[in-house]
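Join the two chains into one complex using the hints; note that each chain is given alone, in its own frame.
As a plain string of letters, each chain reads:
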Amino acid sequence: MSDAPPTMLTADGVCYSFDGQHDFLVDVSLTVRAGECWGIVGPNGAGKSTLLRLLGGLARPSRGSIQLDAALLSALSAIERAKRIAYMPQRVPTAPGLTAGEVVLLGRYPHRGLGLFESGRDVSIARDAMALTETIQYIDRPIGSLSGGEAQRVHLAAAMAQAPQVLLLDEPTTALDWRHQLAIFEILRRLSEERRVAVVVVTHDLNLAGRYCDSVLLLNQGRAVCSGPAGEVLRPDVLSPVFAVTVKAVAIDGRQVAMLVPSEAGDDGAASVKGLE
Amino acid sequence: MKRLSAARFWGMLAACFGGLALVVVMSPGIGTQWGTIGWRDAWQSLFRGDHDSMAFTIGFQIRMARTVLALQAGITLGLCGAVFQMMFRNALATPYTLGVVNGGSLGALIAVKLGWAWTLIGLTPVSISSFVGSLFVIGLILLITRVNRRMGTAELLLAGVTMGLFCSAMMMLVTYLSNQRETFNIVRWMMGSLEALGAQQSAPSLVLLVPSWVLLLLQARGLNQYMLGEDLAMSRGVDVRRLQLTCLVFASLATSAVVAICGPIGFVGLVVPQMTALVLGRDCRLLLPASAILGGVFLAVCDWLSQIAMGMWSAISSTTSASASLPIGVVTAIVGVPIFLVLLYRRGGFAE
Numbered sequence: 020m021s022d023a024p025p026t027m028l029t030a031d032g033v034c035y036s037f038d039g040q041h042d043f044l045v046d047v048s049l050t051v052r053a054g055e056c057w058g059i060v061g062p063n064g065a066g067k068s069t070l071l072r073l074l075g076g077l078a079r080p081s082r083g084s085i086q087l088d089a090a091l092l093s094a095l096s097a098i099e100r101a102k103r104i105a106y107m108p109q110r111v112p113t114a115p116g117l118t119a120g121e122v123v124l125l126g127r128y129p130h131r132g133l134g135l136f137e138s139g140r141d142v143s144i145a146r147d148a149m150a151l152t153e154t155i156q157y158i159d160r161p162i163g164s165l166s167g168g169e170a171q172r173v174h175l176a177a178a179m180a181q182a183p184q185v186l187l188l189d190e191p192t193t194a195l196d197w198r199h200q201l202a203i204f205e206i207l208r209r210l211s212e213e214r215r216v217a218v219v220v221v222t223h224d225l226n227l228a229g230r231y232c233d234s235v236l237l238l239n240q241g242r243a244v245c246s247g248p249a250g251e252v253l254r255p256d257v258l259s260p261v262f263a264v265t266v267k268a269v270a271i272d273g274r275q276v277a278m279l280v281p282s283e284a285g286d287d288g289a290a291s292v293k294g295l296e
Numbered sequence: 058m059k060r061l062s063a064a065r066f067w068g069m070l071a072a073c074f075g076g077l078a079l080v081v082v083m084s085p086g087i088g089t090q091w092g093t094i095g096w097r098d099a100w101q102s103l104f105r106g107d108h109d110s111m112a113f114t115i116g117f118q119i120r121m122a123r124t125v126l127a128l129q130a131g132i133t134l135g136l137c138g139a140v141f142q143m144m145f146r147n148a149l150a151t152p153y154t155l156g157v158v159n160g161g162s163l164g165a166l167i168a169v170k171l172g173w174a175w176t177l178i179g180l181t182p183v184s185i186s187s188f189v190g191s192l193f194v195i196g197l198i199l200l201i202t203r204v205n206r207r208m209g210t211a212e213l214l215l216a217g218v219t220m221g222l223f224c225s226a227m228m229m230l231v232t233y234l235s236n237q238r239e240t241f242n243i244v245r246w247m248m249g250s251l252e253a254l255g256a257q258q259s260a261p262s263l264v265l266l267v268p269s270w271v272l273l274l275l276q277a278r279g280l281n282q283y284m285l286g287e288d289l290a291m292s293r294g295v296d297v298r299r300l301q302l303t304c305l306v307f308a309s310l311a312t313s314a315v316v317a318i319c320g321p322i323g324f325v326g327l328v329v330p331q332m333t334a335l336v337l338g339r340d341c342r343l344l345l346p347a348s349a350i351l352g353g354v355f356l357a358v359c360d361w362l363s364q365i366a367m368g369m370w371s372a373i374s375s376t377t378s379a380s381a382s383l384p385i386g387v388v389t390a391i392v393g394v395p396i397f398l399v400l401l402y403r404r405g406g407f408a409e
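Those protein sequences? They're chains A and B, same order as listed. Residues in the first sequence are numbered from 20 upward in steps of one, following my numbering. Residues in the second sequence are numbered from 58 upward in steps of one, following my numbering.
Okay, chain B solo, but in the shape it has when bound (with noise of 0.2 Å):
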């Protein structure tokens, strides 16, 4: 009988763990300054305790915090688009589909057209909108989708989808008032960054996203059940409310937290869950953890190939960019895009 046994589950994990680690242990070695600084010079200067040294700071402050900032989005992109595909029985579904994205991009937005500049516990104020525009999202679908309890998870969907229009109708009325200078940062800020923010943006994120993360891994034999619908779930004991409650919170607040920091990286969500089910099935229990860590690792290795490009092609075109990489979002659907629509005509459909 085929089932998700102690060791596939575990041999499973191990394997993503594995990949993860890779990641981790080749990231001082790729980015920035590509060539001058190698991997076995960042990892002897860190063994060597040589903490002021060039090859320490560009290996661990400037890859390594990169990198780590890929991995909290990848993980909490992974997730959360794994959580809410089972959550709504729907294969498009991803964690942007409730309008987080659209809030939270409306937020950063007139946060750039108005100029702001302070930084509070190190989050820029364009971070800090977009947050509050992202909750603004969820509450206002959480009000009117749970004050009146005869509005299931296609009201919800319809709730969100229409409010992540109206965010958009909002966002290009703000950029069609917007001056040149304020445009451009617009547009960057909507490419999808993980630029040269570091540690300072990672901790303060990572307080919100690993609770959350602990939070929904925990929802998985709620969520398998719920895979039958609701009646069944109720019946077999599942709390069905308190189950959609938790998600839809969760997911919606570390997704939010991503897109304040990264802006809107798309692709992710919907691609890794996708091919982590086709790969090990659709047990949540090994589905959650395994879309969580692949996503980490998908987001790290697009991020590195960004910069790669991006070193790539001011070599041929011997100009200095401000940038040091491509827009992640570009990247992320360069590489997704074309492996989704492969899975997609293999498959002949994810629907049910």
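If we strip away everything but chain A, and leave its shape as in the complex, we get (with noise of 0.2 Å):
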């Protein structure tokens, strides 16, 4: 297909073990491309996060290979890498003494030249991303004093003046209220939308993964279960046996968006959910 947007990123056949022993990721393939939102989901302990380091260079494959456009990854430099994937944490220290303007400046870090500051194209860049994040007001503000939503999207900002093509996100909405949580995938689906930037996000929120992601990963120790278009992946049936929970979808108002809602294996708790429609 000449018509497909050109392949990113792509995981073949990738497995993990930090100690020789235990498997944490087994035989894992995914290939992201330009301008597509992919989410990681699966239950604690399913290697979620362990993918995303291996995509970022963080750590190196055991088996199997991890391909940046038509480079392997593990071939280049650190700086390099940096230039082309950021990467977001689940948590980041909270850096007493910093303004979140500064914060996001650091992340120009790759793209740094000899000199010792940063420069006037440097500091529009970072402007720009607090700007689409909604952050500029608190360019000033010690990132300590911020909200986690605020520091979560100040953060964001900073990955985004990286000027990546690949965004990794370790679970960015987790701690956030309702209005944050969309706050943050919105941004994404922007990025995604109009900047062309690959994302992959790992998030425990499946229904807002079924909401902005286009593809979904679905892992279970270690391997993947089943991953493809959002809708194919997020269904009952799909995710009952791997959550061990009973998973039903409710459709709302009509629309074909649907609600995963859980209860106890078992219990048809759903039930009185449907009763309120």
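It should be emphasised that the hints constitute simulated quantities derived from the structure, not laboratory data. Note that the Cβ used here is the ideal one computed from N, Cα and C, for glycine as well. Where hints are given, some of them may not hold.
Unchecked claim - A few chain B residues that face chain A, going by a derived Cβ cut-off under 10 Å, partial list only:
#	residue
1	58
2	63
3	146
4	149
5	174
6	234
7	238
8	277
9	286
10	288
11	294
12	332
13	338
Here it is in structure tokens:
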């Protein structure tokens, strides 16, 4: 297919073992195209964060390969890699004494020249990223004085200031309220649609994944259970055995968006939710 | 947008260098023989080329040499303190946190106890033995934390503190087994001193110190990334392992060299980086060089205070002491602790 967007990041039969005995990932493959948003979901300990770290080059697969464009990820220098892949960890230290603006400017690190200081271009890129994440008003506030949702958007702006082709995020909406969860995913959608960034996001929120991700990879115990278009993966019959709960899909307001509702295995609790419709 | 612009960087650094220059200019006028040789006499002897005069000897060969030693020790402690506080993301980290000072002290104590008397390239056996003791501690910590690659900075800290405690226990043992004269020398050494060693000791240590300073200053941008966590720093292209190793090895080496010559001088490595960060912010590009210079200035000024105070004490008690100054470690604590406590009170804590 010539009109398919170019492949950005490819994982091919990736395995990962920390100690040579326990396998954290077994034979996982994934192809992420430019402008595509992938969600990685699965129960705790499924290997989601491990896969994300491998995709970001923070660890190397013990078997299999990861390619960025046409190059082998492990063959790129750390700086070359950082110019193209941004990674947002689950938790970022509060870094006392730095302002939000300074934190975002730190994202320009891989693009630094020989000079000691950020250029005017770096500053305008950082401001641009802060405007997009609606954090520009915090630019001179200490990062430690911001709320969790505000700080998270500042770190997202820092990742964007890195001007990556691939953006990897590890549970970016955990600990955020609904409004801020939606805000983060709206930004990710804009990034993938408008700037053609390939986004890979690890999340526990299956409903957000279903709403915002084009494709979803479901992991369980280090193995890929199912991957493909979000609507094909996020189905009760696929999810129920993996999460060991009964999952029901509930249509809301007659829209095609399904709301996934968990309940104890064997319990028919979702019936009462249905009753509210 | 608040950020470190070139103007701000050079402006602040120029102010720090101004303080440094002031210390150097004033140095020949302050210190031993206070009142007999003035500032003017000393500088005139230099410009007249009168290098055999009393004024030159006291102004430069004694007072200035001592200030140079104070500056190199202060620069090292200020810089290494800032590096360690950033590397461990801990406001309480000092250059001594990893037990370097305990290892160095143990080495020095053993030399005092054994009563060795020889010199090697101008260094005393106490200095050399102290340096070896520090190297032993760093080497051991590196060995156990680097062979097992799963060990992070938390384990590193724990290993360092434990090694420090072990060395302290051994110091107690050596002191316990010492006679009165040895014990007196040991206690004196533990107080820290910039006494009368001068250029003889400065020169060999500078060979180690200057390259260490340069290498540590070059880590500033990497350390800025490191403030936000190892993973994020790595993803931005920082070689985190190399950064950790460089900071650890060269900060420890430089600190060991200072401890070997001056003994354990406290509070410079803790207080100076804190004060600098409060005033100038935590961007390491400015914080590291500024902490270094201000550390030097702080220690040189404390050294003057120690000499002036001792002069006053001698005058009041009308006794002649063998020493011309109070122990420098005591003075830095007297000056440093109140400043630190006031800052702590006003900030309500530095920790994350």
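Q) Are there hints from earlier that the structure breaks, and if so, what are their numbers? A) Structure breaks hints 4, 5, 6, 7, 12.
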